[in-house]
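Residue numbers (my numbering), protein chains in the order written: chain A, 1 to 337; chain B, 338 to 559.
Read the hints as simulated data drawn from the structure, not as lab findings.
Hints should not be assumed to be uniformly reliable.
Distance windows between CB atoms, simulated [unchecked claim]:
#  : chain 1 : residue 1 : chain 2 : residue 2 : range
1  : A       : Ala330    : B       : Ala547    : 55 to 65 Å
2  : B       : Gly449    : A       : Ala330    : 52 to 62 Å
3  : B       : Ala547    : A       : Arg255    : 17 to 27 Å
4  : B       : Glu529    : A       : Asp36     : 52 to 62 Å
5  : A       : Val245    : B       : Pro554    : 21 to 31 Å
6  : A       : Ala149    : B       : Val387    : 29 to 39 Å
7  : A       : Thr154    : B       : Val551    : 16 to 26 Å
8  : A       : Val245    : B       : Asp458    : 38 to 48 Å
9  : B       : Thr530    : A       : Val210    : 49 to 59 Å
10 : B       : Ala540    : A       : Thr39     : 51 to 61 Å
11 : B       : Glu529    : A       : Trp321    : 49 to 59 Å
12 : A       : Arg336    : B       : Val387    : 50 to 60 Å
13 : A       : Trp220    : B       : Pro554    : 46 to 56 Å
All values reported here derive from a predicted model rather than from experimental measurement.
Cβ atoms here follow ideal geometry from the backbone N, Cα and C, with glycine treated the same way.
Listed below, chain by chain, are the residues.
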Amino acid sequence: MRRNWWKALGVLLLLYVVLIGLRTPLAPTIVHVDTDRITPGPVRFIAQGYGTAFSTEQPPMVWLENSGQRLCAAEVTVLDPLRIRVELEIPEGFRSELSHLHVLDTRAGQSMVLHEAFWTGGRGSGIQEATCPATAFSPSAAFTFPNRAILNETIRNLFFHVPMWFTMMLLMTISVVHSVRALGAGGLRHDVAAVNAVRVGLVFAALGLVTGMVWARATWGTWWTSDPQLNGAATVTLIYLAYLVLRGSVADPGRRARLAAVYNLFAFALMLVFFMVLPRLSDSLHPGKGGNPAFSTYDLDDHLRLVFYPAVLGWMLLGTWMFNLRLRAARLSESRP
Amino acid sequence: MRPAEIGHLLKLELLLDQRQKHAMGGMLLYVASAVYVCYLAVRHIEEASVWNALFWLILLFAAFNTLARSFQREDTGRQLYLYTLTHPRSLVLARTLYNALSMTAVSLLTLGAYTLFIGSDGLDDARWPAFSGIVVLGGIGFAAVLTLIGAIAARAGSGTGLMAVLGFPLVLPLLLSVMRASQLALQGLGLETSGRYLVWLLAIDAITVALSAVLYPYLWRD
Numbered sequence: 001m002r003r004n005w006w007k008a009l010g011v012l013l014l015l016y017v018v019l020i021g022l023r024t025p026l027a028p029t030i031v032h033v034d035t036d037r038i039t040p041g042p043v044r045f046i047a048q049g050y051g052t053a054f055s056t057e058q059p060p061m062v063w064l065e066n067s068g069q070r071l072c073a074a075e076v077t078v079l080d081p082l083r084i085r086v087e088l089e090i091p092e093g094f095r096s097e098l099s100h101l102h103v104l105d106t107r108a109g110q111s112m113v114l115h116e117a118f119w120t121g122g123r124g125s126g127i128q129e130a131t132c133p134a135t136a137f138s139p140s141a142a143f144t145f146p147n148r149a150i151l152n153e154t155i156r157n158l159f160f161h162v163p164m165w166f167t168m169m170l171l172m173t174i175s176v177v178h179s180v181r182a183l184g185a186g187g188l189r190h191d192v193a194a195v196n197a198v199r200v201g202l203v204f205a206a207l208g209l210v211t212g213m214v215w216a217r218a219t220w221g222t223w224w225t226s227d228p229q230l231n232g233a234a235t236v237t238l239i240y241l242a243y244l245v246l247r248g249s250v251a252d253p254g255r256r257a258r259l260a261a262v263y264n265l266f267a268f269a270l271m272l273v274f275f276m277v278l279p280r281l282s283d284s285l286h287p288g289k290g291g292n293p294a295f296s297t298y299d300l301d302d303h304l305r306l307v308f309y310p311a312v313l314g315w316m317l318l319g320t321w322m323f324n325l326r327l328r329a330a331r332l333s334e335s336r337p
Numbered sequence: 338m339r340p341a342e343i344g345h346l347l348k349l350e351l352l353l354d355q356r357q358k359h360a361m362g363g364m365l366l367y368v369a370s371a372v373y374v375c376y377l378a379v380r381h382i383e384e385a386s387v388w389n390a391l392f393w394l395i396l397l398f399a400a401f402n403t404l405a406r407s408f409q410r411e412d413t414g415r416q417l418y419l420y421t422l423t424h425p426r427s428l429v430l431a432r433t434l435y436n437a438l439s440m441t442a443v444s445l446l447t448l449g450a451y452t453l454f455i456g457s458d459g460l461d462d463a464r465w466p467a468f469s470g471i472v473v474l475g476g477i478g479f480a481a482v483l484t485l486i487g488a489i490a491a492r493a494g495s496g497t498g499l500m501a502v503l504g505f506p507l508v509l510p511l512l513l514s515v516m517r518a519s520q521l522a523l524q525g526l527g528l529e530t531s532g533r534y535l536v537w538l539l540a541i542d543a544i545t546v547a548l549s550a551v552l553y554p555y556l557w558r559d
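Next up, chain A with everything else stripped away, as it sits in the complex (with noise of 0.2 Å):
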């Protein structure tokens, strides 16, 4: 036990990414409203909430925000958990900007703000500051995840798509380092864990490929779309399989241990270059390129960041375990008369 204590930490880790990565709830949040261009004049709309826990015995404090105006609400109406209905009077100065609906909800300790939900039609200059009493509010200490727009519950899939590819990274550098050595005295040896390496490194590259379509899927409504990122992740694909073909087609076991080697070596090495290049050929959707929001140091959540790093970790050893467990099959198997 005392030499596979790693094992236990990947199964432990992994087991607390699956039960709080999947568990925690979003931050509840204001997802809809049924109308999002008002004028001035009495305005009545409904807004839909997600994991919002609104009661009739106390309704929250609702009120629109525009470059410093603050105007309340006249009348909020709980219709269930879920929805309220606001009624507003909007005055003639109100600036025609987008506002921000802002909902208080005292009782759950929840404040939640739809960012520009309306583009308010009046063409004024201002009004006067309306006075909103402001509530002492204490925020309810729930750990959630944050609720963005578009992602919602998909961004959970951050605690598998981005491991599956550190993971393969962690792999086809192992595999490299076995190659190296592959050229060196007792090259067969370490050919046997290069290649192992790489068939490991293959089952998380179609993994990460897989949950990052259906991620893909469910925010940008396509499964695949011709993104720098997206290309080079199935080039580097496509080299590794084209590795397997060619140790397929040699069926000496040095010259193959050879030329494996010098093939992934060559390869890799390109494949560094080609993450240099790709980004620079042109702008790309994906999270942290081309000027998008990365889930990055400043824009990781501190919770996200709990469930996050535990789960590289746990990937990666389980990868190593997985790889380990290869190596050991093919090598007995190679012993055996």
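Using the hints, position chain B against chain A.
Just chain B now, kept in the frame of chain A:
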């Protein structure tokens, strides 16, 4: 590895090509028929991007055909002979150099035949000297990447099919940068815009030539 050795090996390649004139002739015929088939299929291209894409496709296949020969025409006897006489690094550098020279010729010929048949209507703003320069650089880039791949495929003992499988994903970064650069040249933008793609191109060439020189000696042993 000495420059003189590389010079002798270059001369040997040239001599071999002179003796096997049918191979060079076959290459020219391949380019001519590929361009002619495209001409029959499309006649006339107005869009610069389509013009560019079709040209690079023809050149890509021509490159695979030209470069597959360099290691595959070698029989065991001559290989053994070269093995006893030369350093493998000189051999791979000489072959890369020779392939770069023949790819320069092939790419210029392809460009000539292509503009002759397909024409260049709608490309009035194109900067032809810049475009030709990019085409030549692209051809040399193909030679740099595919020489080692050709050697691997030849040592694996299978035909051009394997070379295509191994080579296509690896020439993609090169192909994408060169297509982008030539597209800019066709739209009348000078080197100040396409320059950065050419820097990438030269970097890829340098990296692949260096890797070929390091790795080829391992292919050579048996």
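Each hint tested on the structure:
{"no.": "1", "hint": "Ala330(A) with Ala547(B): 55 to 65 Å", "verdict": "violated (33 Å)"}
{"no.": "2", "hint": "Gly449(B) with Ala330(A): 52 to 62 Å", "verdict": "holds (53 Å)"}
{"no.": "3", "hint": "Ala547(B) with Arg255(A): 17 to 27 Å", "verdict": "holds (24 Å)"}
{"no.": "4", "hint": "Glu529(B) with Asp36(A): 52 to 62 Å", "verdict": "violated (45 Å)"}
{"no.": "5", "hint": "Val245(A) with Pro554(B): 21 to 31 Å", "verdict": "holds (24 Å)"}
{"no.": "6", "hint": "Ala149(A) with Val387(B): 29 to 39 Å", "verdict": "holds (38 Å)"}
{"no.": "7", "hint": "Thr154(A) with Val551(B): 16 to 26 Å", "verdict": "violated (45 Å)"}
{"no.": "8", "hint": "Val245(A) with Asp458(B): 38 to 48 Å", "verdict": "holds (42 Å)"}
{"no.": "9", "hint": "Thr530(B) with Val210(A): 49 to 59 Å", "verdict": "violated (39 Å)"}
{"no.": "10", "hint": "Ala540(B) with Thr39(A): 51 to 61 Å", "verdict": "holds (59 Å)"}
{"no.": "11", "hint": "Glu529(B) with Trp321(A): 49 to 59 Å", "verdict": "holds (53 Å)"}
{"no.": "12", "hint": "Arg336(A) with Val387(B): 50 to 60 Å", "verdict": "holds (58 Å)"}
{"no.": "13", "hint": "Trp220(A) with Pro554(B): 46 to 56 Å", "verdict": "holds (47 Å)"}
This entry does not satisfy hints 1, 4, 7, 9, going by the numbered hints stated previously.
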